[in-house]
Amino acid sequence: MSIGHTLLGLLESGPRHGYDLKRAFDEHFGHDRPLHYGQVYSTMSRLLKHGLVEVDGVEAGAGPERKRYAITDAGVTDVAQWLARPEKPEPYLQSTLYTKVVLALLTGRNAAELLDTQRTEHLRLMRGLTERKRGGDLADQLICDHALFHLEADLRWLELTAARLDRLAEAVRT
Amino acid sequence: MTPPGSLLEARTLHKSYGPTPALDGADFTIHPGEVVAVMGPSGSGKSTLLHCLAGIIRPDSGTVRYGEHNLTTMNDARRSALRRSDFGFVFQFGQLVPELTCVENVALPLRLAGAKRAAAEARSLEWMERLEVAEIGAKRPGEVSGGQGQRIAVARALAGAPRVIFADEPTGALDSLNGERVMALLTEAARDTNAAVVLVTHEARVAAYSDREIVVRDGVAREMAGTV
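Protein chains in written order, with the numbering used here: chain A, 1 to 174; chain B, 1001 to 1228.
Chain A with its partners taken away, still in its complex shape:
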C-alpha cells in the first residue's frame, strides 16, 4: 500500500495534524499494522518537499510545535492519478510453495504431506479471519474477505498440485 497516497487522500476532506492523520489511517486501514508516528512525519516531509501538501498552520504548545497539513492542487491530482491507475496483478510465479514442493520431490521427501501441512496452516489463518468477520463491522468483513479469497486461491493451487504430484514428480526427476 502507498502510505503517501493514502495520507494524501485522507487530507482531501480537510487539513489535519499529523496525529489526526495517524488516527484516521489506523481507523480505516491499520487493523493489522498501525502506522508509527515516525512514518507519518517522514511521509509528510516528503510530500511537503514535492509540493503535494503545505503547512496550513503551526500551533505552539508545551511540547514540539504541531503542524497542520493541507493538500495542494498538485496533491489532489496525484491522488486522482493513483486511484485511476490499476494495480499490477502479482502473478506469484516461482512461489516459495512451488519451490518447496519441487525440492521435496527432488530429494525424495513426502510432498503430499508438505501440502497437507500447508493446507492446515492456511485453514488455521482462514478460521481466524472468519472468526474476526463474525464479530466485525462491514469494513472488517471486506478486509477479511479480501484476505480469505487470496488464501482460498492458494488452497486451490495446493489441491491442484496435490492431484498432480505424480506427474510433477515424473517431470522434475527426468
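I should point out that these hints are in silico values taken from the structure, not numbers from a laboratory.
A virtual CB, placed ideally from N, CA and C, is assigned to each residue, including glycine.
Heads up, some of the hints might be wrong.
Here are some of the chain B residues that sit facing chain A, going by a computed Cβ distance under 7 angstroms [what the hints assert, rightly or not]:
no. : residue
1   : G1043
2   : F1093
3   : A1173
4   : R1205
5   : A1208
6   : M1224
Chain A residues, not near chain B, derived (Cβ > 10 angstroms throughout) [to be verified]:
no. : residue
7   : T99
8   : L114
9   : I143
Following the hints, put chain B in place on chain A, whose structure we already have.
Coordinates of chain B only, in the frame set by chain A:
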C-alpha cells in the same frame, strides 16, 4: 466403549463399490459441539464417509459408533429411527418437498417423530426466525430463492434438536454471500445447541467455519492436527 466426551467415532472404515475402494481407511473421533470439515477432491470418498458416519450405508468393515450405539451392527429399522431422532441433514440442493410449504418442510421431521401439527409448526417458526426466513413460511420451495431454500433446509435439520448435523456441500449451489450467511447461521446454531456438525465441502472458505478438518484423499481419511 466410546471414550468419554466422544460423540461419533470411526474405526478402520472400508467401503468398496465393486472392485473400486471408495473408502480405504478412516479413524477419528468427533466430539459434541465440534464443527468438523471433511475435505478432499471430487471422488476422493468424502460423501461415502459421510454416509457411513450417518448410518445411511454400512461399511464393508470397520465400525461407526455413535454414543453407546454401534451403527455398523444395528439393523436398518433402528438405524432409520436413530437418524430421525438424533441426526439432521443438509444437502447441496436443499431437497425440500415441493408440495409442502416451507414451514411444513421444516416441521416434517418433528411430525414424523410424532409431534402435533401446531406444536411442530410453532417450533419450526422459531428456527425459521433464527435463520431469517420466517416470512416465507407459507410459500412453497419453488417460490423462494436458492439462499432462502437452503436456510429452510438448515432450519429443518435443526428443528428436531439433533446431536449431529451432517451437511454435504450445503453451500454448493449458493453465491458467496448467501453461502457465508448459511454457514454462519448453521455453525452458530449448532454451537448454541452443542450439536456436532460434519461438513463435507471442497471450498476452503466454507471449511474455515469448522474447528478442524479431516482430509480424504484416494479413500484414505486423515485427521489433521490444526485446531484454532
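Evaluated hints:
1. Checking G1043 (chain B) against chain A by beta carbon gives a least distance of about 10 angstroms; that is not within 7 angstroms, so the hint is violated.
2. A least Cβ separation of about 23 angstroms between F1093 (chain B) and chain A goes past the 7 angstroms threshold, and the interface hint is therefore violated.
3. Given the 7 angstroms rule on beta carbons, the hint for A1173 (chain B) is violated: about 18 angstroms separates it from the nearest Cβ of chain A.
4. This hint holds: R1205 (chain B) has a C-beta 5 angstroms from the nearest C-beta of chain A, less than the 7 angstroms allowed.
5. Taking 7 angstroms as the C-beta contact cut-off toward chain A, the hint placing A1208 (chain B) at the interface holds, the least distance being around 4 angstroms.
6. Satisfaction of the interface hint for M1224 (chain B) is found here, the shortest Cβ-Cβ separation to chain A being roughly 5 angstroms, below the 7 angstroms cut-off.
7. T99 (chain A), annotated as away from the interface, keeps every beta carbon of chain B farther than 10 angstroms; the closest lies near 22 angstroms.
8. A cut-off of 10 angstroms between C-beta atoms confirms that L114 (chain A) is not in contact with chain B; the least separation is 13 angstroms.
9. The claim that I143 (chain A) is not at the interface with chain B holds, since no C-beta of that chain comes within 10 angstroms of its own (minimum 15 angstroms).
Hint check: violations occur at hints 1, 2 and 3; the rest are consistent with the structure.
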